[in-house]
Amino acid sequence: MTAMKSSITVAGRKVSILRAGPESGEPVLLVHGGRAGVSPIAYGSHIWGPALPLLAAGRPVIAIDLPGAGGSDLGSPDMLMAEKVCQHLLGVMDALSLGKAHLIGHDFGGYLGLWLAISAPSRLHSLSIIASPMAPPKGDGLDDVTLLATPKPMWRRSSQTWAFERLSYGQGHIDDGLLDACVEAAKGKSHLDAVAALQDEQLRFRDFGISALKGKIWAALRGDGMSVPSQLVWSSHDPQAARDAGYVLFQVMAKKQKATYFHLINRAGSFAFREQPKEFAQVVVSFLDSVDARLAAQHT
Amino acid sequence: MPSLNFAPVAGQKLPAPKHIDVKGINTRYYDAGEGEPIVFMYGGNFGSSDSASSAPVWSLNFLPLSAGFRVIAFDKIGQGFTDNPVRNEDYTMASVVRHGAAFIEAMKLPPVHLVGHSRGGYGCTRIALDYPHLVKSLTIVSSGTLSPRVSPNEVVLSASPYPPYSRESARWIYEGYSYDPKVVTEEWMDNVMEVFAQPKYKVSVQKMVEEGAGARYFIPELAKEKRETLGWLREGRLQRPTQIVWGQNDPTVIPEGCFDIFDMIAAHNRRTTLNIFNHTGHFSYREHPERFNALLAHFVQNASA
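Those protein sequences? They're chains A and B, same order as listed.
Take the position in the first sequence, starting the count at 1, then add 53; the result is the number in the numbering used here.
Take the position in the second sequence, starting the count at 1, then add 24; the result is the number in the numbering used here.
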C-alpha cells in the first residue's frame, strides 16, 4: 500500500496531507505531535511510519501536517496556538468534506483532539489520545528534564537522533527513512517560520496556548463530560507521558462517557505506533472497529 | 482480519452443546466457527449456592466471534454441566487447571488462544505456565484470583439476602459485580437456574461447604499455588503474547492490581498490553461486548501471525 502526498488550501494557507487506505469507510484523521519551533524533533505526517498502513487496512486515513510543520504553511504566529489550530483542523475537515472522523492525536495532537472532542463533539466519531504529556492534569509536577540538554545546533540529524533516542524505549525505529524526513521537515519554510516566530519571548511564554485551555477542559469534563467515545494509549516506558498521569486523565474523562478506555503498550516510549506498531494497531484499530460496529448497529 | 460484526445481535442462540470425555470427566462444551481456536474459561468455582457460572456466560462474544474464529466455551470440572471431581481432595484450582489442559488435549486443539475470566483468568495463566505447548496467546480478564492486591469480593457479595439456589440470589450477586445492573439479563439468569437445578450441582455444594472441601483443600491449596504462580510470573516464565482486560469500576477487583500484573508479565514479555474499560464491573465482556470482541479478534490475529 502506498501513501499519497497532496496538498489543499484552507483559509489561504497550504495544508500538506498524506492519504492511505480505501476510499470507503469511516475516515481517520491523524494529528501528529510536537510543538513546532520548540520541539527538538521536526514532527509531521512522516512520523506515523509503519502505523499508517496498519491503520489504513480497513478505512481511509488522512495524516496532516500541522501549521508550521512539514509542508503546511504557518501563516501567522497565532496559528501555533492550540485553540487556533483546532479551528484550523475543523477548516481542514470541511475542505476535505469530512463531516465526521475518528481523530487520532499523538502528544500535542492528542491534546488538540481532547479540546476538539469538547468544543466540537459533532465532528468526531471517536478520539484516541496517544502518549500526550500535555493532556493530563499537571498539579505541582516536576519539571521535565527529558530533553534538557538538547545538542546544538538543533534540528540537525544528530540532534534529532538524540531526541528520538531520549524519547523512545526501542531504538530500532530510528532509521534513515525517519531521520531523512525529519531533517527535510526541519529545513522547510514552514518549520523555519515557526522557529523564527518563537524567537518572540511573549509568544514562547504562551506555550502554544496549552495551559490557557486547560481550565475550560476541566470545567467541561466536570460538567457534561465527554460525549465522544475516547481512548488513551499510553506506553510502559514513556519518559514524558507518565502512566499515572494518563490514568488520572482517563478517570476524569471517564466520569460520564461509558466508551472510555485506557491502554498500556509494553516496551515503548513516546512512539508506540513506531516502536510496537502491531500492538498499537491491535489496540487502536479494535477501538475504531467497535465504535463503527456501534454506529452500524444504531443505523439498523 | 476477517470482516466481523463485533456487536452482538439480539436473539442469536448458542449452538447445541456437545460432550467429551476428559480423563473420565464428562465435559460439556460449545463449539462453533472455523479458524484460529479461541478457548474461553469462565470464573467462579464449584460449590456456590448463591450464583453459578457456566459456558453460556460467553454468549455475547461466542456468537459474533464464531464468524471469524473457532470458538470453544467449556464447563470447568464441577461447574455448569461438567462432572464433579471424584474425590473431595480434588476440589482444588489445580484440578481445574489439569482438567482445562486435558480438555484442550482431548479436543486435539492446541495451541489455542486462551481467554480466562476471574478464577478462569488465573486458571488460564496457570495453563500457559504449566503447559505452554498448548497455548498460543493468553487473555486475562478481571482476575482477582491472579491479582497480588487484596480483592474485596466478600465485602460486596457475602451474605446474600435471598435463599440459596434462587434466581433472586443470583441476580443480586451478578448485579453486585456489574457497573450497570441492566446487563444482568433474564437469559443469563436462566442459565444459572439450569445449573442450580441439577442434583450433581447440589452435591458440589455439599462437598465444598458441608463436608469442608472448600476450607480444607480449595482455599489453602489456591493460596499456596498463587504464591508460586506470582513468583513464576516475576521470573518471566509466561512466554506467550498476553493481554490484560480490566473493568475500571469492578467492585470486587482493585484496578491497581491490573497494573501490577502488567508489570510482572511485561518485564519479560514484549507482547503484553493492558486494556481498562470504563463503566465496567467484573464482566467487561458482557458490559462492552463489541469492544471486547474487536480487541480479542485483533489480539488473536496478531498472536497468530
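Possibly wrong hints are sitting among the right ones.
A few chain B residues that face chain A, going by a derived Cβ cut-off under 7 Å, partial list only [what the hints assert, rightly or not]:
#  : residue
1  : F30
2  : P32
3  : Q36
4  : L38
5  : E58
6  : V227
7  : T297
8  : L298
9  : N302
10 : R315
11 : A318
12 : F323
As a list, the in silico DMTMM-like pairs of lysine to aspartate or glutamate whose alpha-carbon atoms are at most 20 Å apart [stated by the list, open to error]:
#  : chain 1 : residue 1 : chain 2 : residue 2
13 : A       : K308      : B       : E210
14 : A       : K331      : B       : E199
15 : B       : K47       : B       : E129
16 : A       : K309      : B       : E60
17 : A       : K311      : B       : E60
18 : A       : K311      : B       : E129
19 : A       : K308      : B       : E60
Non-contacting residues of chain B with respect to chain A, defined by C-beta distances greater than 12 Å in every case (computed) [to be verified]:
#  : residue
20 : M131
21 : H157
22 : V269
23 : R294
24 : R295
25 : E311
26 : N317
The set of hints was computed from the structure by calculation and includes no laboratory data.
The C-beta atom is built at its ideal place from N, Cα and C for all residues, glycine as well.
Hint by hint, here is what the structure shows:
1. F30: With a closest approach of 4 Å, the F30(B) hint holds.
2. P32: violated, 9 Å
3. Q36: violated, 13 Å
4. L38: violated, 20 Å
5. E58: violated, 21 Å
6. V227: violated, 41 Å
7. T297: Because about 6 Å separates T297(B) from the closest Cβ in chain A, which is inside the 7 Å limit, the hint holds.
8. L298: The hint holds - L298(B) has a Cβ within 7 Å of chain A, the shortest such distance being about 4 Å.
9. N302: holds, 4 Å
10. R315: holds, 4 Å
11. A318: holds, 4 Å
12. F323: The hint holds - F323(B) has a Cβ within 7 Å of chain A, the shortest such distance being about 6 Å.
13. K308(A) / E210(B): Violated, at about 28 Å.
14. K331(A) / E199(B): violated, 36 Å
15. K47(B) / E129(B): Roughly 10 Å between the alpha carbons, so the hint for K47(B) and E129(B) holds.
16. K309(A) / E60(B): violated, 37 Å
17. K311(A) / E60(B): violated, 31 Å
18. K311(A) / E129(B): violated, 39 Å
19. K308(A) / E60(B): violated, 37 Å
20. M131: holds, 27 Å
21. H157: Non-interface label stands for H157(B): nearest chain A Cβ at 24 Å, farther than 12 Å.
22. V269: violated, 10 Å
23. R294: violated, 5 Å
24. R295: violated, 6 Å
25. E311: violated, 8 Å
26. N317: violated, 8 Å
In the structure shown, a violation is registered for the earlier hints numbered 2, 3, 4, 5, 6, 13, 14, 16, 17, 18, 19, 22, 23, 24, 25, 26, in ascending order.
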